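Fit chain to chain and form the complex, with the hints in mind.
These protein sequence lines map, in sequence, to chains A and B.
Per the numbering used here, residue 72 is the first one in the first sequence, and the count goes up by one each step.
Per the numbering used here, residue 5 is the first one in the second sequence, and the count goes up by one each step.
Hints in this document: simulated from the structure, not taken from any laboratory.
Keep in mind that this is a model prediction, so the values were computed, not measured.
Note that beta-carbon positions come from the ideal geometry of N, C-alpha and C, so glycine has one too.
Misleading hints may appear alongside valid ones.
Unchecked claim - Facing chain B, according to a computed beta carbon distance under 10 Å, are these residues of chain A, among others:
(1) Thr-215
(2) Ile-219
(3) Arg-235
(4) His-238
(5) Asp-273
(6) Val-275
(7) His-292
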Amino acid sequence: MLQVDNKSLSNWERIKDSDIYHSFIKSPTAIVSSTILFIIFFCSFFVELITPYNPFDPSSLSLMDAFTPPSWTEDGLAKFILGTDGQGRDMLSTILYGCRISLIVGFSAIIFSLILGVGLGLTAGFFGGKYEMIVMRLTDVQLTVPSILMALLVDGIARGLISREMHDEMAIYVLIFAIGISEWPQFARVSRAATLVEKNKDYVSASTIIGVSNIIIMFKHILPNILRPVLVIGTIGLALAILAESTLSFLGVGVPPTTPSLGTLIRLGNDFLFSGEWWITFFPAIFLVILAFSINLLGDWMRDTLNPKLKK
Amino acid sequence: MTFLKINNLSVDYQMRKETVNAAKNVNIEVNKGEILGLVGESGSGKSTVGNAIINLIDEPGKVSSGSVILGDINIHENSESVLKYRGNKIGLIFQDPQTSLNPILTVGEQLIETIQTHLKLSKEEAKNKSINLLKEVGIKDAETRFDNYPHQFSGGMRQRVVISLALCCEPELLIADEPTTALDVSIQSQILELIKKLTKERNLAVILITHDMGVIAETADRVAVMKSGNLVEIGETKKILIKPQENYTKSLVSSVPPTNKKISRFVIIEKENSSKKENNIKILNRWTKKEIIDQDLVQVKNLSKSFEDNFFTENSKNSVMAVNDVSFEIKEGESFGLVGESGSGKSTIAKMIVNLFKPSSGDILFDNVCITKIKQKSELMKFRKQIQMIFQDPYSSLNGRLKVKDIISEPITLHNPSISNIDLNNYIYDLLESVELNQKSAYRYPHEFSGGQRQRISIARALATQPRLLVCDEPTSALDVSIQAQILNLLKDLQEQLNLTILFISHDLPVVRQMCDRIGVLKDGKLCEVSNTEDLFLKPGHKYTRELLRLMPKIESIYN
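Bound-form chain B, shown alone (with noise of 0.2 Å):
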C-alpha cells in the first residue's frame, strides 16, 4: 500500500546568475515497511528530495510545485502544515553523528524533550520510553548510558541515538540522509542491518539517501536513482541494479568497483575515451624511465609512531601509538595497498614515507638508503622529487590563489631552475595533457574545476617532478563513483606507460581490490597481514580481513 506519494515535486535555488532545479518533477512513492534506496552523485538532487519532504529546504530554495502525500494527507497544504509531521510522524537521521546530537546535554535529556515536544507524556513516561528505545536501537545498558553525554559514545552508538531520537514519536515515516557515510565499514554494516530491523519490525516507510550502490543492494527493496535533478529510473533493486534500461544507470552501475573480480579498466559508457591511449606519449619523451627490475623499492622497517600529548604532562603516559611496528616492502613497478579503518595509520604511514612526519623509530629505505635519518637538505631534495603524493581531499590540496599553471611550475622549476619558459610551458601543456585537461586550464584558478578535474590537477603536479614513487592517500573518496572510475583509469594507465610504483591507501576494498597488486591490512597501528590482491580477497589469513571482506557492502549480493 503507498504511504508516501511525492507527486511532481520540484525544488528551486535562485541564485545569482541563475535558477537551479535541484529537482525536477520528481514522482516518488514508498510503501509501508519498504525501503527505498535514493541513489545518485552529489548534486543529483536526491538530498534535495529527502529536505524537501519535511520542508527544509535552505535559503535561497524553494519548492516551486508538487506535493507530498502522507497517508491520505497532503502536508504540503501549507508551510505551517509540515511542521505537525516533522518529527512527529517523519522521524530524520542525518549523516554526521558528531554533529547531529547536542554536546552540552545528555542523551536522555535530548530524547526527553523531543518526546515531550511530541507526545503528551509526563517526565518519567518519557523515560521509560526513552530507555525502550536505547535498548531497541542496541544500546548495552541503557539506564546508566541514559545520563551519558554524546562524547562518551563511539561515532556508531552515537548513529543509534540519533536513530533513537528520530524514532521516539512513532514515525511512520523515516528519512535517512546518508546515514552510514561518515561510518566505517564493520559499523555501517551494523547500522544497516539495524534500519532494516526496524522497517520489518516497525512497519515503517524508509527513504534511505545514498551515494554508495554497495549500500543500496544489501539494504533497499526499491531505487530510484537520480541525476542532476531528475528522476532517471525507479524500480525493484534487483531490476534496476541487474538490467538497467537508462543509460545512465548503466553507466552508474559500470563505475562501481566489482568485489568479487578484477577487472583491468572500468568501463565508461557516458565519456567516449577512444583517441586517448596516445596522448602520454609526450610526456614520456621527458621522461627518464626506470626498466623495471625485481627489487624493493620501498623497505620498511619496524616503523613506529606515537603522537605524544604532551601539552599538560610530560610522561609518553599519553602516547598514542598510530603506527605501531609495522614493515613491509614495495617492489619497484608495483601497486601496494593499504587498507584500514579509520584510525588504522594508514595515512600516517604515507605520510612518514613522503618525509612529512618523522617516525618515533624504526626506518625507510627509499632505493636502498634510509630516507628518515637523511640531513642535509640537498640529500632530501633527492628523495622528495621521487617520492609525490596525491591527498584525498581535491579541494584543499590546491593552493586556491594560484593559477593552475603556477601550481604545476612550482615543482618544475624548483628542481630544474634553468628550464626556459618555453620548454616549461610545453612540459606543464604536456603534464595536463597526461592527465585529459585542455592547454586553457593552464590559465584557470583552482575554483573553476570540479571534485574530478582538480584531481586531475593533482596527479599533474605530483607527476611534474617524474616520481618513481607515487603515494595514493585515498585519491578517490572524495569523489562520485563515475570519477571515481575515471581518475583509478588514469592512474592504471599512468602507471603502465610510466612504470609507476604506487603505494595506494583506502577505506575502500572494491577499490583496492581492482587497484593493487598486493595489500596490507592494518587495524589500530598494526599490520595483519600481506599478501597477494586474490590471495587476500579469496583465501584471508586473518580474522580481522575475514571481518572486513565479510562486511563490505557487495552489489553483488543483489545476485543471491
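In isolation and in its complexed conformation, chain A is listed as follows (with noise of 0.2 Å):
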C-alpha cells in the first residue's frame, strides 16, 4: 500500500505553508499596504466607535468652530487633528464617514461588475458558438465607450426615471450599477479567456463523461480554477471602482451632500482652496491617493504571486 507520508494538515497550517503566505512574509510593498488597507477599513467601518464626533449630527456642531486649520498649524485646536470645514464639522471624522461610502460603493460596485462580467465570460466560454460570439461583441462594443462617460450616461438616464424626492435616496445605487455596468467588460473578457482553457483540460472531460450537468461543471470544477486571475484584476478594479466613484461625486453626478463620499468632499472643499482653506480639500483628497495606491500595490503584489508565468 502506497502511503502519503506528511501528516494532515489544518487550514491555519496549509495557509502557512503556502507559497502565497510566504511570497506575502517577503514582500514589503505587500505588508505595508495590506497593513494601510486595513487601517483604512477599520476605521471606516468602526467610524462611530473610533471618533468622538458625528458629522452629521446638526446639533453637535459649532459654527464657532469652522475653519479650524489641522492640529499642528498654530490656530490649530488640538481637538480636530485635521481641522474642521465650514460647518465646523471634524474633518477627520467626515473623511472616514465618507471613506465608508466609497467604500461600500467602490466595493458593491466590484462585485456587481465582478458577478455579471464572470457570469457572462464563464458562460460564453464554455458554450462558445453565437452566444459567445454576442456577449464578446457586446464587451468590445463597451470598451470603445469611457468607462467614465458609461457611468455618466447611466446617471443621466436614471436620473430621469427617478422622480426627484426619490433621487437622493436611490443616487447610491444608481452609482453603484453605473460604475458596475462600466467595468464587468475586463471580467468577461478575462473570465471567458481563462474558460477556454480550462474546459479542454482532461478533468470537464472527466466530468462530462460521469454525467455531470453542464451548470454543475461550470460551477463546481471551471469557475474555482478561473478564479485567480478574476481576483487580480477584481483588486486593481477595486481602486478603479473608488477613483471612478470620486470622479463622478465631484462632478456631481454621485452620491449627494447629505452623505458625503471623498469626492464628493473633495469638490465641497475645492471651494475654500483658494480662500486658504487649502486642508478641506487636501486631506480627502490624499486619503484617496492613500486608499486607491494601496490597493493598487496590493494588487500588483497578487498579480506577480499568483501568476505562474512571471515568477522567477
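Structure representation (C-alpha cells):
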C-alpha cells in the first residue's frame, strides 16, 4: 500500500505553508499596503467607535469651530486633528465617514460587475457559438466607450427615470449600477479566456463522462479554477471603482452632499481652496490617493504571486 | 581517450523549505566517438547534469562543487569561461523541436547567425557551410529549404535542423537532452540513426539523455544510470542492461515492457506488494459482477469524424478526416488495444466512444444499443455510468480545487443520490484501497500526490460508477517506467477481478503487447489491421504494422 507520509495539516497550517503566505511575508510592499488598507477599512467601518464626533448630527456642530486649521498649525485646536470645514465638522471624522461610503460603493460596484462579467464570460467560454460571439462583441462595443462616460450616461438616464424626491435615496444604488456596468467587460474577457483553457482540460472531460450537468461543471469545477486571474483584476478594478466613484461625486452626479463620499468632500473643499482653507480639500484627496495606491500595490503583488508565468 | 571528465559534480537548488541536491558527486567520463546514455526517471537529475556541463542551471540552482574538464581545460574555472565553449565546442539538442527554433527567422538566418557568432566567416561562407550542414543531417533540397521558416518543416525535419544548428560550429561534445521524446517512433529511429552516424563520422563525444531504455539499448555504447541525484551505475550498455549490479538498475530494467514476449505481470523489485491481492475484494461486494459471455460489448461501425475548419470558409474543403471509416468490435471482458502514431485518430475514437465527440458518420453500439443517437438525457446517463475513461495526463485530469474525497464522491452521488454519508465514505475508502491508496488520501488535494498516485485516483474515480467498459487513453505515457509497471499491473488485476472490458490506447507497442488481447493498428484515421496480439507481433499482416514493429526501440536488441 502506498503511504502518503506527511501528516494532515489544519487549514491554518496549510495557509502558513503556502507559497502565497511566504511571498507575502517576503514582500514589504504587500505588508505595508495591506496594513494601510486594514487600518483604513477598520477605521471607516467602525467609525462610530473611533471618532468622538458625528459630523452628520447638526446639534453637535458649532459654527464657532468652522475653518479651524489642522492641529499642528498656529490656529489649530488639538481636538480637531485635521481641522474642520465650513460648518465646523471635524475633517478626520468626515473623511472616515466619507471613506465608508466610497468603499461601500466601490465594493458593491466591483462585486456587481464581477458577478455580471464572470457569469457572462464563463458561460460564453463554456458554451461558445453564437452566444459567445454576441457576448464578446458586446464587450468590444462597451470597451470603445470610456467607462466614465458610460457611468455618466447611466446616471443621466436614471435621473430622468427616478422622481426628484426619490433621487437622493436612490443615488447610491444608481452609482453602484453605473460603475458596475462600466467595468464588467474586463471580467468577462478574462474569465472567458480562462474558461477556454480550463474547459479543454481532462478533469472537465472526466466530469462530462461521469454525466455531470453543464451547470455543475461550470460552477463547481471551472469557476474555482478561473478565480485567480479574476481576483487579480478585481483588486485593481476595486481601486478604479473607488476612483470612478470619486470622480462622479466630484462632478456632482454621485452621492448627494448629505451623505458625502471622498469625491464629494473634495468637491466641497475645492470651493475653499483659493481662500486659504486648503485642508478641507487636501486631506480627503490625499486619503483617496493613499487608498487607491495601496489597493493597486496589493493588486500588483497579487498579480505577481498568482501568475506562475511571472515567477522567477 | 577520455574527452569529457565530470568530477564530483554537485548541483544544489536552494528552495524555501529545503535544499534539493539535484546532483550529488557525479563522476562521468565520456570518450570521443562514443555515445554515453544517461538514463533515469523524472527527477533523477539526468538533465541537471547535462545542463550543469554548460552551466545552464536555472535559478535558484547552482553548481556547488566539482569540475568539468573538456580535453584538458577546466571549463568551469569561472562563470565566463563556459560561455566560450557553449555552442562552440559543445553543441546542444533539446527535447522539443517546436520551441527550440525561433519561428520568425528562417532556418538559414538562424544557422548563419550561430555560425557568425562563433566562427569568423563571411556571410557567403557561412551560407555555404549551413547548406552543407543541412545536407549532412539529411535535409533534401537544402538550397531551397535554407530560406524556409521552421513551421514549414515537419517535427522530425525540425529536429534535424536543430541538430545542424548544434553541429554548425564544429563541436566536439554533443549533449542531446531527450532528442526524440517528442517524436513518433518512425521519426525517432531516423534521428537516432543520424546521431549515431554523426558520432562516428565526426568523432564526437555524445551524451544522450533519455528515460527510454529501448533507445539506450539501441544507441548508447555506455550507459550511466541516475537516481535522485546519484549516479547508480555506469558501464558498458550490454553489461548494465543484461547483468545490472545495483537493485535500482535491476528494477528499472525489469519494469521495461519486453517487446518480444508477453508476460503476465511486471516484476517490481523495490516494492513488496504481496499482501495486496486480497484488497480488491471489498469493492467486489458492491460490484454487480458481469459474467463474461462471448458477445461483443462494443461495436464500432464505419465510424468517421472530420474536424471542419469553417471559421472562414463554409465549405468542407478544409476539413480534416481525423477518423475515416473505422469498424471494429470489442468483446465483453477483453482488452482491446488501439495503436498508432500521433494524429492517427486513436484519441478521437476514444472520445467518441465515451460520447465527448459526436461522430460525423457511423455508429457506435454498446450492448447492442446505438449510443451515438441517444437524445434523452436519462437514457444517456445509463451509458455514462457504464463507460468510463482514464486520461493521459494525471496533472490535468483531476480538479486541483477539490479534495480527493470530493473528486471520487462526485460520480457516486450523481448516479446514486440516495447513498448515506457513512456508506459513501466506506465506498470511497474501498475504492481507494482497490487502487492501493490509504484512507487518509481522501482528505488531501491532488497536488499533494505524485503522477502515479494521481493516476490511481483517476482510476478510482473511473471505477466509482462500476463501469463495464474502461477506456484508457495513454494511461501511462506521462509516467516513469517503474510507475508505469505498477499502474499496468493494477489495471490487469482490476480487470481480472472485476471482469472489466478495456479499450487501451497507446503509441507504445511493448506496453500494448503486455496489456491487450487484440490490437487494432491505426494510421491517418484508417484502421490498417485488427488481429490477436501475438499474431500481430509475430506475423504482422499490414506493411505499416511491420514498419512500426521494425522501428520500435527494443531493449532486447542488446542481445544481438
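Exercise. Run the structure past the numbered hints and jot down the numbers of the failing ones, going up.
Key: 1, 2, 3, 4
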